[in-house]
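Visitor: The chain contents come next:
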Amino acid sequence: MSERERWATRIGLILAAAGNAVGLGNFLRFPVQAAQNGGGAFMIPYFIAFLLLGIPLMWVEWSIGRYGGKYHHGHLPGMFDAIWRNPLAKYIGVLGIFVSSIIMIYYCYIESWTLAFSFFSLGKTYFGLTEFESMTGFLRSYQGVESGFFTSILPAYFFLLITLGVNFYILKRGISKGIELLAKFGMPLLIIMAIVLAIRVITLGTPDPINYPDRSVENGFAFIWNPNFSKLGDAKIWLAAAGQIFFTLSVGMGTLQAYASYLKEKDDIALNGLSTASTNEFVEVILGGSIAIPVAVAFFGLTATTEIASGGAFNLGFVSMPLIFQKLPLGEFFGFLWFFLLFIAGITSSVAMVQPLIAFLKEQFKISHNKATLYVAIGTFVSSHLVVAFFKFGFLDELDYWAGTFFLVLIGFLEVVIFAWIWGMDKGWIEINKGADIKIPKFFYYVIKYVTPLYILTILVYWGLTDAIPTLLMDNIPDEQIPYRWGARAFMFIVFAGLCFMVYKAWKLNKPRYDL
Amino acid sequence: MNGLKTEGIIFLIVAWGIIISLLVFCYSIVFKNRKNNSEETLLPTNEPFNRKE
Numbered sequence: 001m002s003e004r005e006r007w008a009t010r011i012g013l014i015l016a017a018a019g020n021a022v023g024l025g026n027f028l029r030f031p032v033q034a035a036q037n038g039g040g041a042f043m044i045p046y047f048i049a050f051l052l053l054g055i056p057l058m059w060v061e062w063s064i065g066r067y068g069g070k071y072h073h074g075h076l077p078g079m080f081d082a083i084w085r086n087p088l089a090k091y092i093g094v095l096g097i098f099v100s101s102i103i104m105i106y107y108c109y110i111e112s113w114t115l116a117f118s119f120f121s122l123g124k125t126y127f128g129l130t131e132f133e134s135m136t137g138f139l140r141s142y143q144g145v146e147s148g149f150f151t152s153i154l155p156a157y158f159f160l161l162i163t164l165g166v167n168f169y170i171l172k173r174g175i176s177k178g179i180e181l182l183a184k185f186g187m188p189l190l191i192i193m194a195i196v197l198a199i200r201v202i203t204l205g206t207p208d209p210i211n212y213p214d215r216s217v218e219n220g221f222a223f224i225w226n227p228n229f230s231k232l233g234d235a236k237i238w239l240a241a242a243g244q245i246f247f248t249l250s251v252g253m254g255t256l257q258a259y260a261s262y263l264k265e266k267d268d269i270a271l272n273g274l275s276t277a278s279t280n281e282f283v284e285v286i287l288g289g290s291i292a293i294p295v296a297v298a299f300f301g302l303t304a305t306t307e308i309a310s311g312g313a314f315n316l317g318f319v320s321m322p323l324i325f326q327k328l329p330l331g332e333f334f335g336f337l338w339f340f341l342l343f344i345a346g347i348t349s350s351v352a353m354v355q356p357l358i359a360f361l362k363e364q365f366k367i368s369h370n371k372a373t374l375y376v377a378i379g380t381f382v383s384s385h386l387v388v389a390f391f392k393f394g395f396l397d398e399l400d401y402w403a404g405t406f407f408l409v410l411i412g413f414l415e416v417v418i419f420a421w422i423w424g425m426d427k428g429w430i431e432i433n434k435g436a437d438i439k440i441p442k443f444f445y446y447v448i449k450y451v452t453p454l455y456i457l458t459i460l461v462y463w464g465l466t467d468a469i470p471t472l473l474m475d476n477i478p479d480e481q482i483p484y485r486w487g488a489r490a491f492m493f494i495v496f497a498g499l500c501f502m503v504y505k506a507w508k509l510n511k512p513r514y515d516l
Numbered sequence: 001m002n003g004l005k006t007e008g009i010i011f012l013i014v015a016w017g018i019i020i021s022l023l024v025f026c027y028s029i030v031f032k033n034r035k036n037n038s039e040e041t042l043l044p045t046n047e048p049f050n051r052k053e
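Keeping their order, the protein sequence lines are chains A and B. Just so it is clear: in the first sequence, position 114 is 114 by the working numbering, and no numbers are missing. Just so it is clear: in the second sequence, position 35 is 35 by the working numbering, and no numbers are missing.
Simulated from the structure, these hints should not be mistaken for lab results. Treat each hint with caution, since some may be false.
To be verified - No more than 27 Å apart at the CA atoms, straight line, and that leaves these computed lysine-lysine pairs for DSS-like: (1) A:439 <-> B:32; (2) A:264 <-> A:434; (3) A:124 <-> A:505; (4) A:505 <-> A:172; (5) B:32 <-> A:434; (6) B:5 <-> A:231; (7) A:236 <-> B:5; (8) A:442 <-> B:32; (9) A:172 <-> A:371; (10) A:184 <-> A:371; (11) A:124 <-> A:392; (12) A:70 <-> A:392; (13) A:264 <-> A:172; (14) A:70 <-> A:266; (15) A:70 <-> A:442; (16) A:266 <-> A:511; (17) A:184 <-> B:32; (18) A:266 <-> B:32; (19) B:32 <-> A:177; (20) A:511 <-> A:70; (21) A:70 <-> A:449; (22) A:70 <-> A:439; (23) A:449 <-> A:427; (24) A:177 <-> A:266; (25) A:366 <-> A:264; (26) B:32 <-> A:264; (27) A:439 <-> A:449.
Kindly generate the complete structure, drawing on both the sequences and the hints.
Guide: Written as structure tokens, this is what we have:
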């Protein structure tokens, strides 16, 4: 069998996988979740979910990926086919390409906002807009939701083109010269920028001690960390913590498996997976938890920050933070750091999202890397127009709910069941420990086999009982958005059906052989 | 809110401590084994997989 691309260095692989996991959610979603769900007490279910859900799924995904790579499969349809050898397996695996491709379509658009806002910060474009309403108007006019500071969608479109161009240029360069090189420079840069910002925030103290003595960084940390034990009895907190672990580690997307497929059969995955998870946690809990919420409390107070947090991550990142930067000396510099940090976090994740589809086209249809990248770039570019054009009608939100939330959990459940119950936990355990640089406690054998599937199943059942019907029927959705959200669902169905057809054709053309 | 309570400080220190310990543990082994891995297991190649054998 022919030679496959490989990672050039081990540290490059770990940083690339960590870059895949570290995204906008580390800096925006985590602190909001922690603050809303019991502060320090949230960390108890958070760490338990990390131990019973995050780390086991990491190892499962790395194992599936490395095993699939042995048969030249860098995509989940092929990996599931190699493991299960059942005609259904490859179609379940389609979810792994589908989810990451759909997320890529809208994630790049959000990523392009961070690039645009880093330029706006340097050029002081939004400086002078000192009220929430005016800054919200600035963001909404940039997004094309309403007219205001920007008279057309062209600036957003321009930055989207640049973002897509940079993403696909990196992907065109391949694994070691593209993705790995980006991670080797991007991840240290991201961590340095985040440390600079965190130090700046921590040293702010109480910005206006005479008029607002309660508005301090310390109270910001208190907002996140002071435990509210009464919330621990609430099942929602446990589910929120499990959800956060799921999303922050980027499990259930098919991307980690794609990265792991470029390992050799006896390369370590136990330590690599753990290193990836711990790097992500460092960026999320220590750095992500020390920037946005503490600084928001220091400048706006607890009540306003609670409202900002409940308004979602975009409010916090793109409205509150620019208002704060205007109040800081060298605010344009810190604004640039913040948004460019988010851009780096975004791009190290987005390049991972299309890797499974590129690998699928290359490996199953035997087309060149450049052609596969070009086809995917064209598909992403064309599809992203739907997101831009119908953003104000909730098109992006609908894609995000299903592809970026629900299906991740579903894939996580399916893959752990296929791994531990269909392939067999004994084989899986041998696979995880093959070439391992650390000895994994046997405790995790039972966790992967029993606890992780039950944990995810609980999340799915809870969703089915509480959210499924209202979400499917679009209760609480404004009437004007409903046709566009149905359009988003139709779009996802077409993409999924198209991918299933491609898998069907691919297996007809090149039926994989496993008699190696 | 009157600043970080003792329990909040404990949670912060414990959480940060766990993460930093895990990070140090992982990377100390990664860097210790880096040479072996790059020499023995990871290839510095970027060859297209479907080239002719």
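Visitor: Now, for every hint given, state plainly whether the structure supports it.
Guide: So, going through the hints one by one against the coordinates:
1. Proposed proximity of residue 439 of chain A and residue 32 of chain B is supported: the alpha carbons are some 16 Å apart, at most 27 Å.
2. Proposed proximity of residue 264 of chain A and residue 434 of chain A is supported: the alpha carbons are some 11 Å apart, at most 27 Å.
3. Straight-line distance between C-alpha atoms of residue 124 of chain A and residue 505 of chain A comes to about 53 Å, which puts the hinted pair past the 27 Å bound.
4. Pair hint residue 505 of chain A plus residue 172 of chain A holds up; C-alpha atoms about 25 Å apart against a cutoff of 27 Å.
5. Distance hint between residue 32 of chain B and residue 434 of chain A is fulfilled; the C-alpha atoms sit about 19 Å from each other, no more than 27 Å.
6. Pair hint residue 5 of chain B plus residue 231 of chain A holds up; C-alpha atoms about 17 Å apart against a cutoff of 27 Å.
7. The suggested pairing of residue 236 of chain A with residue 5 of chain B holds, with an alpha-carbon distance near 25 Å, which does not exceed 27 Å.
8. In summary, the hint linking residue 442 of chain A to residue 32 of chain B is supported, as the alpha carbons are separated by about 24 Å, within the 27 Å threshold.
9. Distance check on the hinted pair: residue 172 of chain A and residue 371 of chain A sit about 9 Å apart at the alpha-carbon level, within 27 Å; holds.
10. Pair hint residue 184 of chain A plus residue 371 of chain A holds up; C-alpha atoms about 26 Å apart against a cutoff of 27 Å.
11. For the given pair, residue 124 of chain A sits about 26 Å from residue 392 of chain A by alpha-carbon distance, which is consistent with the 27 Å threshold.
12. A threshold of 27 Å between alpha carbons decides the hint, and for residue 70 of chain A with residue 392 of chain A the separation of about 45 Å lies outside it, so the pair is violated.
13. A threshold of 27 Å between alpha carbons decides the hint, and for residue 264 of chain A with residue 172 of chain A the separation of about 22 Å falls inside it, so the pair holds.
14. For the proposed pair residue 70 of chain A and residue 266 of chain A, the alpha carbon gap of about 10 Å is at most 27 Å, so the pair holds.
15. Among the hinted pairs, residue 70 of chain A with residue 442 of chain A is consistent with the structure: their alpha-carbon atoms are about 26 Å apart, no more than 27 Å.
16. In summary, the hint linking residue 266 of chain A to residue 511 of chain A is supported, as the alpha carbons are separated by about 26 Å, within the 27 Å threshold.
17. With a C-alpha separation of about 18 Å, the suggested pairing of residue 184 of chain A with residue 32 of chain B holds against the 27 Å cut-off.
18. Annotation: proposed proximity of residue 266 of chain A to residue 32 of chain B holds, straight-line Cα distance about 18 Å (limit 27 Å).
19. Taking the CA atoms of residue 32 of chain B and residue 177 of chain A, the gap is near 24 Å; set against the 27 Å cutoff, the hint holds.
20. With a C-alpha separation of about 15 Å, the suggested pairing of residue 511 of chain A with residue 70 of chain A holds against the 27 Å cut-off.
21. A C-alpha spacing of about 24 Å is found between residue 70 of chain A and residue 449 of chain A, which places the hinted pair at or below 27 Å, so the restraint holds.
22. Straight-line distance between C-alpha atoms of residue 70 of chain A and residue 439 of chain A comes to about 23 Å, which keeps the hinted pair within the 27 Å bound.
23. Restraint check for residue 449 of chain A and residue 427 of chain A: the C-alpha separation of about 12 Å stays at or below 27 Å, so the hint holds.
24. Distance restraint check for residue 177 of chain A and residue 266 of chain A: the Cα-Cα separation of roughly 23 Å lies within the 27 Å cut-off, and the hinted pair is therefore satisfied.
25. Straight-line distance between C-alpha atoms of residue 366 of chain A and residue 264 of chain A comes to about 21 Å, which keeps the hinted pair within the 27 Å bound.
26. The straight-line distance between the Cα atoms of residue 32 of chain B and residue 264 of chain A is roughly 19 Å, inside the 27 Å bound, and the hint therefore holds.
27. For the suggested pair residue 439 of chain A and residue 449 of chain A, the alpha carbons sit about 18 Å apart, so the restraint of at most 27 Å is met.
In this structure, the hints that do not hold are numbers 3 and 12, in rising order.
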